[in-house]
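Put the two chains together into one complex, using the hints given.
Protein sequences appear in the order of chains D and C.
Under the UniProt record's numbering, the first residue of the first sequence carries the number 1, and numbering increases by one thereafter.
Under the UniProt record's numbering, the first residue of the second sequence carries the number 1, and numbering increases by one thereafter.
One thing to keep in mind: the hints can contain errors.
As the list claims (entries may be wrong) - Ranges between beta-carbon positions, derived for each pair:
#1 D:35 <-> C:302: 46 to 54 angstroms
#2 C:256 <-> D:62: 45 to 53 angstroms
#3 C:568 <-> D:27: 48 to 56 angstroms
#4 C:32 <-> D:20: 26 to 34 angstroms
#5 C:7 <-> D:5: 25 to 33 angstroms
#6 C:256 <-> D:95: 54 to 62 angstroms
#7 C:173 <-> D:71: 25 to 33 angstroms
#8 C:445 <-> D:47: 51 to 59 angstroms
#9 C:304 <-> D:20: 37 to 45 angstroms
#10 D:47 <-> C:373: 27 to 35 angstroms
#11 D:76 <-> C:302: 48 to 56 angstroms
#12 C:172 <-> D:71: 24 to 32 angstroms
#13 D:35 <-> C:373: 46 to 54 angstroms
#14 C:278 <-> D:71: 33 to 41 angstroms
Stated by the list, open to error - Cut-off 30 angstroms, straight-line C-alpha distance, at most; resulting in silico cross-link-like pairs (DSS-like, lysine-lysine):
#15 C:483 <-> D:153
#16 C:547 <-> C:406
#17 D:75 <-> C:589
#18 D:75 <-> C:542
#19 C:483 <-> C:542
#20 D:75 <-> C:584
#21 C:542 <-> D:78
#22 D:19 <-> C:75
#23 D:78 <-> C:363
#24 C:3 <-> D:19
#25 D:75 <-> C:75
#26 C:560 <-> C:584
#27 C:589 <-> D:78
#28 D:75 <-> C:363
As the list claims (entries may be wrong) - Calculated Cβ distances over 12 angstroms to all of chain C for the following chain D residues:
#29 8
#30 16
#31 56
#32 91
#33 121
#34 157
#35 170
In case anyone wonders, no lab produced these hints; they're calculated from the structure.
Virtual Cβ for every residue (Gly too), placed ideally from N, Cα, C.
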Amino acid sequence: MNRRDFHRLGTIVLGGLIKLAVAVPAAAFLLNPLRKPGTAAEADVFEGLVALSQLKVGVPESFGIVRDQVDAWVKYPKEPAGAVWLVRQPEGAEPAVIAYSAECPHLGCAINLADDAKHFICPCHTSAFDLEGKPQNFVPPRPMDRLDVELSKDADPMVRVRFQRFRTLAEEKIPLA
Amino acid sequence: MRKLLADWFEDRTGLSGPLRSMREEPLPAGPRWRYVCGSALLAILLIQAFTGLMMMTAYSASSSTAWGSVFYIEKQMWMGWFIRGMHHFGAQAVMVLLFIHLLQVLFAAAYRAPREVNWWLGLVLLVLIVGFGHTGYQLPWDQKGYWATKVVTNIMGGAPVLGPYVKTVVVGGSEYGNQTVTRFYGLHVGILPVLLAIVLGGHLALRYRHGLKPPADAADVPPDAPRATYFPDQTFRNSLVVTAIVGVLIGLVLWEGGAPLDAPADPASPDYPARPEWFFRFLFQMLKSFPGRLEWVGSIAIPGALMTTMALLPLLDKVMPSKLLHFLACTLAFALAGGALFLTIASFREDAGNPSFQEARTKADAANERALYLAAHPDFGIPPQGAGFLLRFDPLTRGGDLLEKKCLGCHRVDGKGTGDQSAPDLKDFGSYAWIRGLLEKPDAEAYFGKAPECDGMTEWKKSTKLDAEQLDQVAEFVATFAKIPADQSVDEWLNTPGVADHPGNALFQKDCGKCHLIDGYTEGGVRDAPDLFAWGSPRWMKRMIRKPSEAGLYGYLEAKQRMPAAPPDDMPESDVDMIVRYIKGDYLKPAAKP
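Bound-form chain C, shown alone (with noise of 0.2 angstroms):
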């Protein structure tokens, strides 16, 4: 039944005859190490193929579900983690055999006649897997791969003439969204493989047309050696050495526990430290020594001449002296070489000795920790809006960056601040321990020391005549205000249970109501005093954030000498709820760590 139909496929495909033929392609010099490089590359690519066909099932493409799906991928869904980790360590193998197979290629002068073609198609197998690379890490929609993208369609759009149409055909217009990820991964996953199927499918055919180059001990071989055949005699080597690879690849994968993902990506972020995949630092660095207009120089000029060269090698070989073009070529190679290294070895220790490189590492590796914790807390996780927004709806990251940018300038929160201090310190404000700290030193630093025009509370320290025990419990009081609910009234709240009876109450109406008015609570009048009604509670912090000029807060102050009031235009609701969430301390805390 078996030979049946093996006779029927054989009829209908003629097949078995050139896969046999491949089979047992003879190796008149026996199986060789040196020929394992292109198979090695062709089996890896394939399990890049593989597990990208695998991604495509879970990945989506769009700037706002991007990150989310390769979140899910590598965190949530089974062995994700370990299919993005192949690929993403496969992309770097793939990279450095590349690069061997190149100068092995090189080296044994493969290029000369019969096989041109074959190295032109090579070339052109170079740029594309190039290609691959760069469409290939920006699709996880990551700080990395967002600003990644930014620089390779800039250096795109720098090319002359014609840059800045490429660019804008590329990126999908001017801005960097949804279309720019769908194209990308258009090019990735579609354009790019095709292309890379046809020119490796030429490459290959030529490779079974010409044979594998002969070593020049070829002939060396004593005539009586036993007959030595592709398969199993190569395809043996091939195997042992792509275990190997296979074997650290998934050492790599272990080790790491995956591929990285940074924070989502975050246009806003002018600090990020953007750094491209180590194979590209040479040129990242190289870029460096071309400034302003003459960035083509190295991003376009240098490399193209150099792809032109190559290119050019089989020809060269006809007009030139064939052993000579052969030593300029491999000193050119290892010139090359050495240079890419320097440069790669420069960029690193570069970063290295930067402390504000970093710093902004650090920066970003705290937003990338706080990004993954977000999204992976039942109570949070990634919102509809998109990725982006995971980030900016969490107050401890966005309430943090308005209030140092916003309020700092003045402010300040646990001594640090932005500009010359001119108001209280926020740290805990509305809390037991802030009102306490200023009722023990109102003139302090981080009270009204530094706005010398609140020095009520300074004066009323000198003529109070509560001990520290009566101040304790006006301490507590005062801290309860915080936790007035927002549509509640003077009047309900005195019927609260705990308030009428608090031990700090009356010492409260007595000492403080002589100035603080709370309307049919306390009397005022003595000195001018904000409303302290609610005081510390998000309602009454947002009223001194929209409007510091009202009557119960501060409006007795000059005008110079008010808190400046964030309008809505300047400041929507939901900022100035992030910045007294943050306040509060009102979000999402990891477990602390044993």
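The shape of chain D in the complex, shown without the other chains (with noise of 0.2 angstroms):
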């Protein structure tokens, strides 16, 4: 290698590693949010929402998600989240109550009750159900999102809610973190 070829080389590698030496930390630092925040606490705690003799059998209500949110840098306390449908079924029945995300698993939009009271729309592609979470046309690519409900031990027991949000458009549903 001559002295030329010696500087030609050089000067490649040692841009690279210049490059580099920037290029990885600015890749890291723009995939941030691919990274995880320690929400999984979070998601396994249960929202009391409302007593359970406050529900009619097969009458569908929603019920809004408050908790302290952070949202990147900022922590929001006792912020709205989002938002459940709760529907108390017959008496003996189990589970007692089912609960469903009102997020469309279609591309998320809220979901509401229908005119009728007898199934469940989306506002924005129409997507529709039935009181079961069913899908009744072709346009969610899969049943509501149901969540885990319990029942406090209280004499009138309360609703309680693990509210949580899964990806849309997806057959399954996956869990988001």
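Below, the structure written as structure tokens:
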């Protein structure tokens, strides 16, 4: 290798090193959102929404989920985070209450109750579901997302729901971090 | 295929010709270390642009979000500390390289024909880069940035005639806030980069037009020396130097663990020891020599005259003997560099020998550490109101400040106060230790020794027959009062398990109840004394702060002997809460370091 070849190679190698020294950290910086923030503990929290006696059998009712939210660097205490639909089942049925996320599995709009109160519709792309959450047309990729429900031990138990979000457009229910 | 594409590209753009001529620029005197400075400067500027672009994807420009987003970049994001650290130290490297580049050009007399325009463009670049430095380091909107903004904009405002108007435009009004941050951000990432790109483009174009100034010994190169071209002979040296600089930068970033971030901006912190970056220290020090209305001489006239002189060099070259001018210019440069060095050292020495500066710096560092701790704490975090509220919602900081300002003129905390003591020491107020100390020696300075009108306890102490063990029991019992919830009545409290059968209960009722009336529990009446129900609890302390003249508190004292009440206009509920929580120690504490 002559002097000029050495210089040529050296320029390329050193230039590459310098570029890597900033490009690699920059890639990590930009991809930061892929790193899951520590919301796993939060996802296990059941929130009391309503006393069981307040729900009428077979009549869906929506409830807002209010929780502390951390949006990047800001902590918002008690902010609305989403909504759920609760449907009380007939006496003796298990579970006593079914909870659906109000987020449409299609593209995430808020699912509403139709005027006849016999099925759910999404106002964005006409996803429709029956009261059991089953799709009634071909728009939604999967049934409405059911959420874990538990009843407290009180005489008139509180309906407690574990609020979670799931990936939209997927045919399976895949929880988001 | 590759050739096809290359041919197509060449046909449509014709770029490869000029690019090749740049690469193959002949170096008659061979590659030189002295040619690396401009290239290194360009390389570091590119790193600045790139790391700056990265941070633009995470930074949020407003006085309420800036600090939080920088905190997020620095402490939470992947490699955020590295990107920000490179930008921070890169800025300092730019200043150093700029200075060396300027001196080099001056010493080489490269301002002479035909390079006059490039010399002027270089001076414009100098101003632009100083502008980058100034607009950049206030963007975190931390204490350092906030006070720097104030100083720099007030320097602008001090300029004759137009100054005040320029200042108002730059600040975005007369108050420093959201618009100030957005304007400096706009300058830093929009206006200045565009100007820099234009001027730097011209600077580089002219550099290729005139070529590198050959060194004085260029003629001595033997004619049979190997032919050298810019690439790869000079680029190799450039790469080596840039690698070394980047290596130093990375070293500094690793050493510092990123870039500094001070506590969030607080306009109400008169003792903040504001200092500029080291490369502006000489200007800072110089300003001390120009008092009051003469300030503009130091901040505008002298730098302005200096820049004008440098700008005039190529023209003076035509009317003065070249060598004499060059000698004078170099002498002036040495004298100024020496002066700047002297002022910089003087400034640092002055601070090092100034105890009140050290003290203020220690306090600022403590506030900084506290702010970073709270921001990172899962139970606290940065409030939606903005980072400025971080410390204002912290009982340790805000409560401590309020207590010092409003209460320690009369009270003490652990023996420390700001005025003549005329009231008890509040350290551990409401705790077992406090009440036990009082029962032992009520006329101690920490209790009622400095408040002679409250001599009831002293008299009780003379006549009481309680022994030490019984005093312990009473103190234990009274210390439980502080835990009585805010909504509990006396009846509910007495029915709480553990109250009626507390060993101190009967003793308290018999010995203390003669003076201290608690409705439905003790009789009182022998002497005037405060109602001790829930004594030491937040509810009791808040009543005491708001209305010490209540009948159940110290209403029996003459007005001038009572503690002054704090009306809500003067002290909002949140402030009272902060003071009480401070006294109770009800705030987040870092885990004790082993």
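Tested hints:
| no. | hint | in the structure |
| --- | --- | --- |
| 1 | D:35 <-> C:302: 46 to 54 angstroms | 51 angstroms, holds |
| 2 | C:256 <-> D:62: 45 to 53 angstroms | 52 angstroms, holds |
| 3 | C:568 <-> D:27: 48 to 56 angstroms | 54 angstroms, holds |
| 4 | C:32 <-> D:20: 26 to 34 angstroms | 28 angstroms, holds |
| 5 | C:7 <-> D:5: 25 to 33 angstroms | 27 angstroms, holds |
| 6 | C:256 <-> D:95: 54 to 62 angstroms | 56 angstroms, holds |
| 7 | C:173 <-> D:71: 25 to 33 angstroms | 28 angstroms, holds |
| 8 | C:445 <-> D:47: 51 to 59 angstroms | 53 angstroms, holds |
| 9 | C:304 <-> D:20: 37 to 45 angstroms | 43 angstroms, holds |
| 10 | D:47 <-> C:373: 27 to 35 angstroms | 29 angstroms, holds |
| 11 | D:76 <-> C:302: 48 to 56 angstroms | 50 angstroms, holds |
| 12 | C:172 <-> D:71: 24 to 32 angstroms | 26 angstroms, holds |
| 13 | D:35 <-> C:373: 46 to 54 angstroms | 22 angstroms, violated |
| 14 | C:278 <-> D:71: 33 to 41 angstroms | 37 angstroms, holds |
| 15 | C:483 <-> D:153 | 29 angstroms, holds |
| 16 | C:547 <-> C:406 | 15 angstroms, holds |
| 17 | D:75 <-> C:589 | 19 angstroms, holds |
| 18 | D:75 <-> C:542 | 28 angstroms, holds |
| 19 | C:483 <-> C:542 | 14 angstroms, holds |
| 20 | D:75 <-> C:584 | 25 angstroms, holds |
| 21 | C:542 <-> D:78 | 27 angstroms, holds |
| 22 | D:19 <-> C:75 | 24 angstroms, holds |
| 23 | D:78 <-> C:363 | 34 angstroms, violated |
| 24 | C:3 <-> D:19 | 27 angstroms, holds |
| 25 | D:75 <-> C:75 | 16 angstroms, holds |
| 26 | C:560 <-> C:584 | 28 angstroms, holds |
| 27 | C:589 <-> D:78 | 24 angstroms, holds |
| 28 | D:75 <-> C:363 | 27 angstroms, holds |
| 29 | 8 | 4 angstroms, violated |
| 30 | 16 | 10 angstroms, violated |
| 31 | 56 | 34 angstroms, holds |
| 32 | 91 | 38 angstroms, holds |
| 33 | 121 | 34 angstroms, holds |
| 34 | 157 | 26 angstroms, holds |
| 35 | 170 | 26 angstroms, holds |
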